[in-house]
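Working from the sequences, and respecting the hints, build out all of it.
Residue numbers (the working numbering), protein chains in the order written: chain X, 1220 to 1718; chain H, 25 to 149.
Sample of chain X residues at the chain H side, in silico, Cβ under 10 Å:
| hint | residue |
| --- | --- |
| 1 | 1375 |
| 2 | 1381 |
| 3 | 1387 |
| 4 | 1409 |
If you want the ones that stay clear, here's a sample from chain X, every Cβ over 10 Å from chain H, calculated:
| hint | residue |
| --- | --- |
| 5 | 1225 |
| 6 | 1239 |
| 7 | 1248 |
| 8 | 1287 |
| 9 | 1323 |
| 10 | 1327 |
| 11 | 1423 |
| 12 | 1498 |
| 13 | 1499 |
| 14 | 1502 |
| 15 | 1508 |
| 16 | 1509 |
| 17 | 1635 |
| 18 | 1638 |
| 19 | 1693 |
| 20 | 1715 |
These are computed hints drawn from the structure, not numbers from a lab. The beta-carbon is built from N, C-alpha and C at its ideal position, and this holds for glycine as well.
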Amino acid sequence: MDFIRNFPMFSVVLSLFSGVLCTLLDAKKAKTYTILYECAVLAMNLAVLWYTVSAGTSFTYVLGEFPAPWGNELRAGVLEASIAVVFMAVMLCAVLAGLRYVKEDIDESKVNIYYTILNLMTAALMAMTWTNDIFSGYVFLEILTLTSCGALIVREIGRTTLAAVRYMILNLVGSGLFLLGVVLLYDVTGNLLMVPMQRSIALLYPDPRARIVLIMATGILTIGLSIKSGLFPFHYWMPDTYGWATPTSAAVLSSLVSKCYIFLLIKIYWRVIGIDLFMEMPIRNILFVLGLCGIIFGSVSAIRAENINRMVAFSSAAQIGYIYMGIGLGGIPGFTAAVFHIMAHAVTKSQLFLTTPRLADVSGGSLRFKNLQGCALKDPNAGLFFLLPSLSMIGIPIFAGFSSKLFFATAAADGGGIKLILVMLALAASSTLNALYFIRTLIRIYTPGRTPVKAGDRKIRHRLDYNIPMIVLTLGNLAMGLFSWVFAGLIGQGLGMFM
Amino acid sequence: MENLLANSTEAVAVILFGIGFTMLLFHRNLFRKLIGLNVMDTGVFLFLASMGYIEGRKAPIIVNGVQSTEAYINPVPASLVLTGIVVSVSVTAIMLSLTVRLYMRYHTLNLDEIYKKADHQEDDR
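Below, the structure is given as structure tokens:
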């Protein structure tokens, strides 16, 4: 069974190889190949999860057999494996459910390039999840930025190019800051691998001169990654980016790419800085406050949106706020809540972004609220798959959204003090606001309109490629809601392995 | 002040980073933004390269059998700079191609004007 130890490396290499291969295949073959290979990567990730859970330990894969202070390493523990499984499952569902729109939005001759981009993106996601080396983290972070830009502009309308420029500029600022942070940390510690780095940092921290550099470097890394993941006040690129991309890209960008940056940040806090030192730093409180602001401002902007995709995109900004609030609470409970929310939001938001275009299809191709009247009645299937994740976003029990709010509340209760009051207020306010805009949307899409169905509307044809991924995502959502303790247990075990 | 003079290269690197950073964020012209991006990256590379270089030591290639670590500098920062340059070149290339695409469509490089035109021309889906 030790063969499984190679799987993290295989998943990265296979993704890179598939990216190159898809440039040579035609559109149809590239599609089939991508789906098959993503199933294979998902299976490998599941095997790694099973291996780490049953062995109860993490393992490192040493590239080229150069031992610790030199060389490059991948590391797989329960947390990385669970995140990788969720990411790959959502990726596969997004690819399947978006197939129809890939055909419509993208020029036939460029479809294989789109799959190339997706596969390279998968490689970057997997590498950032598994890596144990902060500079490899930087390299794959840039690959992720470039591929997400590619996934955005592949739908060739002026709006996506404009959204891509805005997205790229902010992301490049973020990458530059991240690189500077990595360089600062490398200069004081002399290491790039996470474990020796943490050892040096623990030795250096008592020295006040080194402490300033360390806090500054951590701050710069944090700012860089929070710009990239869209924390308030850097969230304003979200609606354009998610609103105009082809649905698969929107789902992947909102639920995987921005989450992957946060996961890398969490990994840096635990494995490079060390959680005890991080808890002493003031950065945590700033993240907490920005997270709260993100929750409120994201929700308010979502209420004011006129277009369903923009509403869902702004609600993403609020959800990113939740995750940073969890990081701000700190400790095992806070981080467990944050990671749980990463998974829950990945499952929920991708489903919303994959469903809104189907609702638009039966409303004359428009995503504006005023045209969406009664669309769920015209297409009950898509209506149902909008209803279920919406309920999860509001925080109705048995769905994942409820469990993650519960985790945030218990984490805050553990800490007590002023943060408890703030978290409770934020949760109450944001649940009310979420309910306000989602229920308003649901009422609108389920109320029959005065105008009959237009002749130009397309016939609804749902095939299995839409229904099966939606059912899988809904089941995942329900599983996280009903068996949240299983997931919390896995995350807690994984965080324990981080130390 | 003495510390600043002793670390003049690093100080210059940080100033370059600041210049590039503000250019990238606040200039409205896309080309200037791109130049800002490159200045910013160059700042980081200068910082890294100056940290990695020690006066009087040689590149880590063993000549005349000198094996003492005192004689050589650490090659890792230089290789990191090379990796960074490769990343920066590819990012610049993709940004330039985006700029060309935007120019072909909107006939201007000023972002504010592009936004105005885009709001004007394209209806919401």
